[in-house]
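S.K.: Sequence:
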Amino acid sequence: GTRATTVALTALVVANVGTICAEFAGVAAGMEVLTGWSRYLTVPFAALAVGVLVLRGSFARVEHVLLVLSAIFIAYICSGVLAAPDWGATARGLVVPSLPSTRHGILVVVATLGTTLAPWGLVFIQSYAVDKRLRVKDLAYERVDVVSGAVLTGIIGVFIVVACAATLHATGKHIHEASDAAIALRPLAGSSAQTLFGLGLVGAGLLAAAVVPLSTAYSVAESFGQRCDLNDGFREAPLFYGAYGFTILLAITLVLIPGAPLIPILFLSQALNAVLLLAILPFLRRLARDPELMGTYRLGRLDSFLTGLVIGLVAASVVTLGVLSLL
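To convert, take the position in the sequence shown, counting from 1, and add 1463; that gives the working numbering.
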């Protein structure tokens, strides 16, 4: 109904704005590590860059620029290797992970689930497929695109954890700003690792700072039945581009507030993403299993079981966090 749509859209926009804040904070932190420039210079410049890219570029141009930015993620893998971690302990941790028992530990788990299976990402994939005008015969290629992207995201995430475990955890250093992670690499892994991690922060931040507002704009425009096509101009899709610009402006305003609690905003927004998943994933699973809607493309038994398992994992984590928060 209208009320449920409004509540879901509002929660999605709030979570997305928190995510965008984190991305611009990452850009600022990375540029501070690389150049020493203030965030009051780098954040507005980054916002202007991603704004011009989407507002003035065609779908093909936006896609090509985002692909180039995604290549920078290789810097995280390099920094993880340069951190010289205990690879034996890393392998054991991957196979037999330890489960946290404190509220803060569970919050990290929930936030990790929320940022990995991000609702904005699910929205973006389907809207992107429509905007790209994919046809049924293109689905095989799109499946390769999505699966390879998911695998690479997981690999890069592992190397980020490895780099931080070998530096921050090993030295007992607490994160107050995103740049702390990059700076902590220097004493143990040298300036190259620090530079690569800072470069990763900038690349990842710019990529997501363009994509998350785009996902938000898709959601807002589609909810009101308005046009949302990157090949349209502002006159043809005012709500789409207006929502894009507004979310960026709101996010950079929050980031530039002196003393803004960016790390708590990061964690809480991603935890909210995990809560939203409990509404979005079961709905998507139900649609994907509908034979009348999907026909021969309906979800198979194995895929249905795996998606149910993921939903159960997210639900258990969110409920555990809620219980521990009340104790």
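Everything labelled a hint here was simulated from the structure, so no lab data went into it. Yeah, the Cβ is synthetic: ideal placement off N, Cα and C, and Gly gets one too. One or more hints might be untrue.
[What the hints assert, rightly or not] Each pair of labels, with its calculated beta carbon distance range:
no., residue 1, residue 2, range
1, F1709, L1789, 17 to 25 Å
2, S1564, W1500, 36 to 44 Å
3, G1568, L1772, 19 to 27 Å
4, F1508, L1772, 18 to 26 Å
5, V1599, L1472, 39 to 47 Å
6, L1511, P1701, 26 to 34 Å
7, L1787, P1701, 39 to 47 Å
8, Y1503, Y1604, 27 to 35 Å
9, S1501, T1579, 42 to 50 Å
10, A1523, H1567, 27 to 35 Å
11, G1551, D1608, 47 to 55 Å
12, Q1689, V1477, 15 to 23 Å
S.K.: Broken hints, numbered, in rising order?
M.R.: As far as the earlier hints go, 1, 4, 5, 6, 8, 9, 10, 11 are violated by this structure, in ascending order.
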